[in-house]
Amino acid sequence: MNGGKMFGGFVGKILKVDLTTKTINTEPINEKIAKNYLGGKGYATYLLYQYLKEYESEGITPKDINALDPENVLIFATGPGTGILGFPSSGRYHVMALKSPLTGSIGSANSGGEWGPFLKFSGFDAIVIQGASDTPVYLEVVNGNAEIRDAKDLWGKNTFDTTRILKKKVEGKNTSVTCIGPAGENMVYMACIVNDEHRAAGRTGLGAVMGSKKLKAIVVSGTGKVPVAEPERFEELSKRFLDAMKKNPVTGEGLPTYGTAVLVNIINKSGVFPYRNWQTGVNPDAESISGETLAEKYLVKRRACWGCTIGCGRVTSVKSGPFQILYSEGPEYETVWALGSSTAVKDLDAIVKANHYCDELGMDPISLGSTIAAAMELNEKGYVPAEELQGLDLKFGNAAALVEAVWRTAYKTGFGKYLALGSRKLCELYGHPELSMSVKGLEMPAYEPRGVKGMGLNYATANRGGCHVTGYTIAPEIAGIPEKIDPLTTEGKAKWVKIFQDFTCVVNSTVNCLFDTFALSAKDYTEILSAVTGWNFSEEEILKIGERIYNLERVILNKFGFNGKDDTLPSRLLKEPMPEGPAKGHVVELEKMKEEYYKLRGWVNGTPTPEKLKELGIRL
Amino acid sequence: MEEVSAKVLLFATLREKYGVKELYVKCDGTVRNLIENAASTIGESFFNDVYDDSVEKVRDNLIFLINGRNIRDIKGKVKIKESDEIAIFPPVAGG
Ligand code: SF4
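Chains as they are written, first to last, in the working numbering: chain A, 3 to 622; chain B, 6 to 100.
Here chain A stands alone, though its shape is the one from the complex (with noise of 0.2 Å):
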């Protein structure tokens, strides 16, 4: 039951916990916000939308709200489908901030492991956090009950302790921590929330947003179960779409055996694998860093988040050396291109542990590599004083300076403290914000636009700055998923942009694994979240819902300042050919594709219409 009235996939409240007060209160899931947003992402930006609208008028302004001021409210969320077991990879929870600080907009961030799920069950849909504590604090939330409690003991604390320390605190079952590591304590920019210790809300720095709140920890715990609206309908879908997915070869094998890094190889010989900072999109040594070497020489076995039956995650090991570990997950993909292709470090084991360390001391390692590449970028073109370096020999391919860049970012030591501003301050510091390689400040992350064109118009506009799940138009423009079309012309491209980032909306709002829709599509998104819910919706509500959600984050966008001509790419992407490989001589045609996306999205210099928005039902 939720206000009286029976509808599934909720559990029907929010926890709302100001830490200036430290006052906790509940309220209930909206219906219809719900039918409207979804939940997660969807449901978390409608909020933040409030609060901003609020703000304003107690006459505080978006400019007057600083990322890292306790006005920022931060938002954790899970959606529909999170925590129903059945629900295709259904482990997953969405974070969100008003401002993030290396952007300078709305922050959002995505997470598996077991944390989003474990929340549900201990009786919450989100929590919303207010406010900023003046001592350290973790918030603990058990079966329907909170707590703000002290957290001296835990401050300076990496990740993995802190999580094991709390478990071990809070035992019971069905336990969970997300935390911050010393990265977020520090407020570093690119600083992330790490939950299960290997799995982290990565992306715009909201660590460090959880940092300035002193907030170390959410441990929740519970024994609640998520109410399925249809029961016998949602069993058959589910059955029929986890068995698509074991007999689709990328969801049921690909995935499954080699992890995301199996992307390495394909990238760098489709010539789209930034190396060196993106100066060109083919990398000599991709090889030594690729998923088939991963998978050869440091796979233990694979570990898969809540109610899985992909398991794309790697846990590995390092044997012996200088950067051994014995135990560690990932690394990622993208991890591996940041920390090593953009670096031009091709030791796999330096890469291994670099990650390692961001998830101990709680960094994104997306924006964290693409900084220090940035970084190596600048030094190597004699833009940094050697004295400011203080013996941190950053140089493309310095193996051991990465990992020492590492832990002085996350502590702000020596070159650290300029390293932990991001690429875009970091640059702009030293007199070259064309070599920081963002958009809205946030890191670009391992795809090179000159020759995948569909990504150029993706990075531009997505609304979290650089960034590729936003509308990963990869699937068809490299793997032919759904269809396959060419990654170097810029033909349909608008359309294709638009159709992933609404789509992406609704998975975010499930809140469900991005992988999935590998295998599933909108039409299937639409029979199970009506079968869960009990609100019949269309394929064409859903992907309204999935719209109308990316329309009103672009509307807190345009408050924080942003519209049409923060909707670009780095110049070396628009203006230098790209110098060899399949891509040679492009450069990404922006204006053109934008010109067209604009059209269809129905927005005038980055900035949704009145009409689109009376069309899309969102008031202002």
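Keep in mind the hints are simulated off the structure, nothing from the lab.
Treat the hints with care, since some could be wrong.
[Stated by the list, open to error] Not everything, but these chain B residues come out facing chain A in the computed CB check (under 7 Å):
1) L70
2) R74
3) A92
4) P96
[Unchecked claim] Straight-line distance between alpha carbons at most 27 Å, and here's what the computed DSSO-like set of lysine-lysine pairs gives:
5) B/K22 to A/K299
6) B/K62 to A/K486
7) A/K586 to B/K86
Since this is a predicted model, take the numbers as computed values, not measurements.
Don't be surprised by glycine CBs; every beta carbon is placed ideally from N, CA and C.
Following the hints, position chain B with the ligand against chain A.
Just chain B with the ligand now, with coordinates in the frame of chain A:
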């Protein structure tokens, strides 16, 4: 038809199944002949794994790159040239 030699690279499960990372294959410039000749070296099943003879083309679910360009993106008749690099991946994605 003139004989050419191309470098064929195998990845992921294909590499594992045939125990081969790379090989040089002579062919008459057609994709079918290239795959046929590779199969005679590394294992007959390779032909069927990669080529769908009923529709006379490379299987759609594979990623088959000729000098980095997906065969499905190449317009017109595909011709293998001397020293071309052919990279073959089973259906994989992720990221
Ligand atoms: S596919 Fe991988 S990332 Fe996604 S839920 Fe499963 S194990 Fe987690």
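How the hints compare with the structure:
1. L70: holds, 5 Å
2. R74: holds, 5 Å
3. A92: Holds - the Cβ of B/A92 comes within 7 Å of chain A, reaching about 4 Å at its closest.
4. P96: Holds, about 4 Å.
5. B/K22 to A/K299: holds, 17 Å
6. B/K62 to A/K486: Satisfied, since the Cα-Cα distance of roughly 15 Å is no more than 27 Å.
7. A/K586 to B/K86: OK: A/K586 and B/K86 at ~19 Å, within 27 Å.
In this structure, none of the earlier numbered hints is contradicted; all agree with it.
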